[in-house]
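Chemist: Letter by letter, the chains look like this.
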Amino acid sequence: MENIIEFKNVNKWFGKLHVLKDINLQIPKGEILVICGPSGSGKSTLIRCINRLEDIQKGEIIVNKIPVHDKSASLTRLRADIGFVFQQFHLYPHMTVLQNIMLAPVQVKKMDKAKAETIAMEKLDRVGLAEKSGAYPAQLSGGQQQRVAIARGLAMSPEIMLFDEPTSALDPEMIGEVLDVMVNLVSEGMTMCVVTHEMGFAKKVAHRVLFMDEGKIIETGTPSDFFDHPKTDRAASFISMILTH
Amino acid sequence: MMAFYFSRLVEIFPFFLKGLWMTSKVAFISLVTCTLLGFILGIFRSGKNKIVKRVIGFYVAFVRGTPFVVQVFIIFFILPEWGMQLKAFPAALLAMGIMGSAFICEIVAGGISSISKGQWEAAAASGLNLVQQLRWVILPQAMKVILPPLVGQYVLLIKDTSVVSVIGVMELTRVGWVTVVRIPEGLMVFSLVGALYFVISYPLILLSNYLEQKMAV
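Going down the list, the protein sequences come from chains G and F. First residue of the first sequence: 1, per the numbering used here; consecutive thereafter. First residue of the second sequence: 1, per the numbering used here; consecutive thereafter.
Hints may be right or wrong, so weigh each one.
As the list claims (entries may be wrong) - With a straight-line Cα cutoff of 25 Å, these simulated DSS-like cross-link-like pairs (lysine-lysine) come out:
1) K159/F - K25/F
2) K50/F - K58/G
3) K71/G - K203/G
4) K117/F - K16/G
5) K117/F - K109/G
6) K50/F - K117/F
As the list claims (entries may be wrong) - If we take Cβ atoms under 10 Å as the criterion, some of the chain F residues that face chain G in the derived model are:
7) A125
8) S126
9) G127
10) N129
11) R135
12) Q141
13) K144
14) P148
Said to hold, decoys possible - Facing chain F, according to a computed beta carbon distance under 8 Å, are these residues of chain G, among others:
15) T76
16) F84
17) V108
The hints are simulated quantities; they were obtained by calculation from the structure and are not laboratory data. Yeah, the Cβ is synthetic: ideal placement off N, Cα and C, and Gly gets one too.
Could you put the whole structure together from the sequences, leaning on the hints where they help?
Modeler: Laid out in C-alpha cells, this is it:
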C-alpha cells in the first residue's frame with residue numbers, strides 16, 4: 001500500500017523547546033491511526049504539521065505527494081484534501097451550521113451554491129444533524145458542535161481526516177455521540193489520524209496505535225498489542241494511568 | 001446692539017452654510033480615505049511580518065504623539081520645500097488622512113486581535129487563503145468589536161476638521177473667525193458654529209451608542 005503521509009527525520013522547536021525529535025512515520029492510504037501520549041508529548045503538534053498549521057525546522061513531510069516542508073508548497077491544494085477537527089470545534093459563530101459547512105467548498109473549490117448545499121446537507125445527515133442546518137453554533141451543545149465540525153471537514157471530500165483530541169473538551173455524556181460519528185466514517189476508506197485517549201475507540205477501529213512521549217515516537221503497534229502488552233515501561237505506566245482515570 | 005448683530009448674523013448665515021458645506025466635504029472625503037487606509041494598515045498591523053508591524057507601529061505612535069495642528073503645519077509647510085505646491089484644501093485632506101488612518105488602524109487591529117487564533121486556524125485548515133480567511137471569517141466577527149469605537153472616532157475626526165482652519169481652509173471654524181471680526185459678539189458667533197458641528201456629530205454619537213448596546217449583546 002502506498003504511503004499517503006510520510007515523515008522523514010522531522011524536527012520541530014518552539015523557541016528553545018524541542019517538541020518533535022527525529023520523527024519517522026509512514027501512514028499508508030486508508031489507515032486509521034490513533035496517536036496517544038501524555039500531554040506535552042508532541043502528539044497535537046505532530047498532526048498539526050501534516051496540514052502545516054505548524055512549520056517544521058528540519059526534515060521532510062510528504063502528504064499526498066506534496067512536499068509540505070517546502071515553503072513554496074501550495075497550502076490551498078494541500079489543505080483542500082485534508083479535513084481537520086479541533087479540540088475546541090472552532091465553528092464560525094457568525095454563520096449558520098449550513099453556512100459553516102458550505103464556506104470552503106464554495107470559496108476554495110468554487111463549487112456553485114446549490115451543489116455545495118446538497119453536499120453540506122448530505123454530510124450533516126451523516127453526522128445526524130440535518131434538522132440543525134439553520135441553527136447557529138451557540139445554539140448547539142458541545143457534542144453537536146463537534147459533529148458539525150466533522151461535517152465541515154467532510155464537505156471537502158478529503159482523502160485525509162485529522163482529529164486533534166476531538167472529545168477532550170466535551171462533557172462525558174457527549175463523548176459517545178462524537179465517537180459514534182467517527183466510527184461510522186471508517187467505512188469510507190479515508191485515512192484518519194486521531195489524537196485521542198479513548199481506548200475503546202482505538203480498540204474498535206484503529207489499525208495502529210502510536211505512543212509518543214517527550215517529542216519522540218516511543219512505540220507503535222496494533223491496538224490490542226499496545227494496550228494489552230505494551231513494550232515499554234513508559235507506555236505501560238501511561239496505559240495504567242488512563243485506565244484508572 | 002445685540003439685536004442688530006443678530007440680524008447681521010442672520011443676514012450672513014449663508015456664509016456659515018458654505019462653511020458647513022466645506023467642513024462636511026473635508027470630513028466626508030477624509031473619513032472615507034481614513035477608513036480604507038485604516039483598515040489596510042490595521043490588517044497589516046495584525047499580520048505576521050514583524051518589520052511591517054513595527055513601521056506601522058511607529059507611524060501610529062508618531063501621529064498619536066504629536067498635536068494634530070502641528071501635523072497640519074508640517075504638511076502645509078514641508079511640501080513646498082520638496083517642490084510640491086499644495087493648496088490648503090488638499091493639504092488639509094492629506095493631514096486628516098494621515099492622522100485619522102492611524103487611529104482607525106489601531107481600532108481595526110484591536111478588533112482583529114480579539115478574534116481567537118482558532119478561527120484563523122479553522123479557516124486556514126479548510127483551505128481558505130489569507131484574503132478569504134479575513135473576508136469570510138475574521139472581519140465579519142471583528143466588525144462587532146470595531147464598529148462602535150469606529151463611529152466614535154468618526155465624531156472625533158469631524159471635530160478635528162476645525163484644526164485645518166489654521167491653514168486657511170474656509171470651513172466652519174474659519175468662518176467663525178472671519179465673522180467675529182465684523183460682528184464682535186464672540187459668544188453668539190461661536191455658539192452658532194458649535195451648534196452646526198453638533199448637527200453633524202449628534203446623529204453619529206447616537207449611532208455609536210446604539211451600536212455599543214447592540215454589539216454588547
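Chemist: Hint compliance check: list the failing hint numbers for this structure, sorted ascending.
Modeler: 3, 14
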